[in-house]
Amino acid sequence: MMARLNLSMDNFVRIACALPALIVPMLSLACSGSEAVQSATAVSGRGGQQGAAVPVTTAVAVQKPMPIAIRVIGAAEAFQTVSVRSQITGELTSVTFKEGDDVRKGQVLFTLDRRPLEAALQQAEAILARDLAQSANARAQAARYDDLANRGIATREQVDQTRSAAAALDATIGADRAAVENAKIQLQFATIVSPLSGRTGALMVHAGNLVRANDTAPLVVINQVTPINVTFAIPEARLAEVKRYMAQGSLTVEAQPPNDPGIASKGRIGFVDNQVDPTTGTIRLKGTFPNENRRLWPGQFVNVAVTLTTDPTALVVPTTAVQSSQQGQYVFVVTPDQKAAFRTVTVARAEGAETVIEQGLAAGETVVTDGQLRLVPGAPVSVKSGPGAQATP
Numbered sequence: 016m017m018a019r020l021n022l023s024m025d026n027f028v029r030i031a032c033a034l035p036a037l038i039v040p041m042l043s044l045a046c047s048g049s050e051a052v053q054s055a056t057a058v059s060g061r062g063g064q065q066g067a068a069v070p071v072t073t074a075v076a077v078q079k080p081m082p083i084a085i086r087v088i089g090a091a092e093a094f095q096t097v098s099v100r101s102q103i104t105g106e107l108t109s110v111t112f113k114e115g116d117d118v119r120k121g122q123v124l125f126t127l128d129r130r131p132l133e134a135a136l137q138q139a140e141a142i143l144a145r146d147l148a149q150s151a152n153a154r155a156q157a158a159r160y161d162d163l164a165n166r167g168i169a170t171r172e173q174v175d176q177t178r179s180a181a182a183a184l185d186a187t188i189g190a191d192r193a194a195v196e197n198a199k200i201q202l203q204f205a206t207i208v209s210p211l212s213g214r215t216g217a218l219m220v221h222a223g224n225l226v227r228a229n230d231t232a233p234l235v236v237i238n239q240v241t242p243i244n245v246t247f248a249i250p251e252a253r254l255a256e257v258k259r260y261m262a263q264g265s266l267t268v269e270a271q272p273p274n275d276p277g278i279a280s281k282g283r284i285g286f287v288d289n290q291v292d293p294t295t296g297t298i299r300l301k302g303t304f305p306n307e308n309r310r311l312w313p314g315q316f317v318n319v320a321v322t323l324t325t326d327p328t329a330l331v332v333p334t335t336a337v338q339s340s341q342q343g344q345y346v347f348v349v350t351p352d353q354k355a356a357f358r359t360v361t362v363a364r365a366e367g368a369e370t371v372i373e374q375g376l377a378a379g380e381t382v383v384t385d386g387q388l389r390l391v392p393g394a395p396v397s398v399k400s401g402p403g404a405q406a407t408p
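If you're matching positions, the sequence shown starts at 16 in our numbering and goes up one per residue.
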């Protein structure tokens, strides 16, 4: 029994010692096979130097004028906004416009009940007429007492009393005239007119309601939308640039509604705030736009571009040509022998679908705009035909 056990232990030791010699070659074979598969995949899948030409779309780097602009988000706001309120208390008898109408400055909007105001005016005029008659009588009486005093019939005290009564009535007449003017003004307030040309909003009160003088709620709000303002904020780091270019002349600003494919509206910078917001590190600016076509509307968010100046010889490529890696930004250039060349570039700025290149590329070179993911340096390429494709020179 012990001999059989010793024999088994000897076999186990021999097998255990032989296992590493068998496993290592197998692992080596597996690894070498995996590397071969990966290498083959890389060559066939990415268009290596020995593989088939990779189909790509290209464009030519060109020099052309490009704006140097600050691009931010802004909000349109009315050039002027007026909340129309009644200056007197009374019953609203008529509304002479519809909600959303365009109104002119001086156009009648509301009328209030005029009857109490007309009665108040008539009463003030009657009081003035009465006091005018009494004043005339007082002046005549003062003149008679002057004559009597000169003849020694009346005393000086009587003369002074008549003169004082005449002067008091003259003062009363002044107050009466002011009361008449006030009554006329109150009567004018019964007709409410538009203080500016603009567009009316929602009507807050209808005919038949009692309105109160200077009530908190307005009768209607009118916005002037032609012209219109667009307010936006820029980083404080760009303030020096803006001030420098504004010193040379007014700056152009463009506003584009996000879902509007038309040409951007053009305006001028008319306001720079007098302080930087310490919370956000930005400063508020305001541009004024003619807005004759009313593309911009109060409260609407818009894409804003402030054009500082224009670079007349900017080197431009499509934005899709520029790729990014851990080493920085790069493009693939198509060489005259139809090979892909890796080129590191320095980007100055992006302007929508176009990017301005500062270094690393020359005008006239052809760059790949689609198909970069399958390229490696030196890979053969073939330019695709179709919309947006451009033949390699």
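Honestly, the hints are just simulated from the structure, not real lab data. None of these values were measured; they are calculated from a predicted model. A virtual CB, placed ideally from N, CA and C, is assigned to each residue, including glycine. Accuracy of the hints is not assured; some may be wrong.
27 Å max Cα-Cα, derived BS3-like pairs, lysine-lysine [stated by the list, open to error]:
1) Lys281 x Lys258
2) Lys258 x Lys301
3) Lys301 x Lys281
4) Lys120 x Lys301
5) Lys354 x Lys399
6) Lys79 x Lys399
7) Lys199 x Lys120
What follows is a list of derived Cβ distance ranges for each label pair [stated by the list, open to error]:
8) Asp292 x Pro233: 25 to 35 Å
9) Asp230 x Thr325: 51 to 61 Å
10) Pro233 x Ala183: 38 to 48 Å
Verification of the supplied hints:
Proximity of Lys281 to Lys258 is assessed by CA-CA distance (about 20 Å); at most 27 Å being required, the pair is judged to hold. A distance of roughly 14 Å separates the Cα atoms of Lys258 and Lys301; the hinted pair therefore holds under the 27 Å criterion. For the proposed pair Lys301 and Lys281, the alpha carbon gap of about 13 Å is at most 27 Å, so the pair holds. Distance check on the hinted pair: Lys120 and Lys301 sit about 25 Å apart at the alpha-carbon level, within 27 Å; holds.
Note on Lys354 and Lys399: the hinted pairing holds, with a Cα-Cα distance of about 14 Å set against a maximum of 27 Å. At roughly 26 Å between alpha-carbon atoms, Lys79 and Lys399 fall within 27 Å of each other, so this suggested pair holds. For the suggested pair Lys199 and Lys120, the alpha carbons sit about 22 Å apart, so the restraint of at most 27 Å is met. For Asp292 and Pro233, the Cβ-Cβ distance of about 30 Å falls inside the hinted range of 25 to 35 Å, so the restraint holds.
Here the CB-CB span from Asp230 to Thr325 is close to 53 Å, well matched to the stated 51 to 61 Å. Between Pro233 and Ala183 the beta carbon distance is about 45 Å. The supplied range of 38 to 48 Å therefore holds.
Checked against the numbered hints above, the structure breaks none of them.
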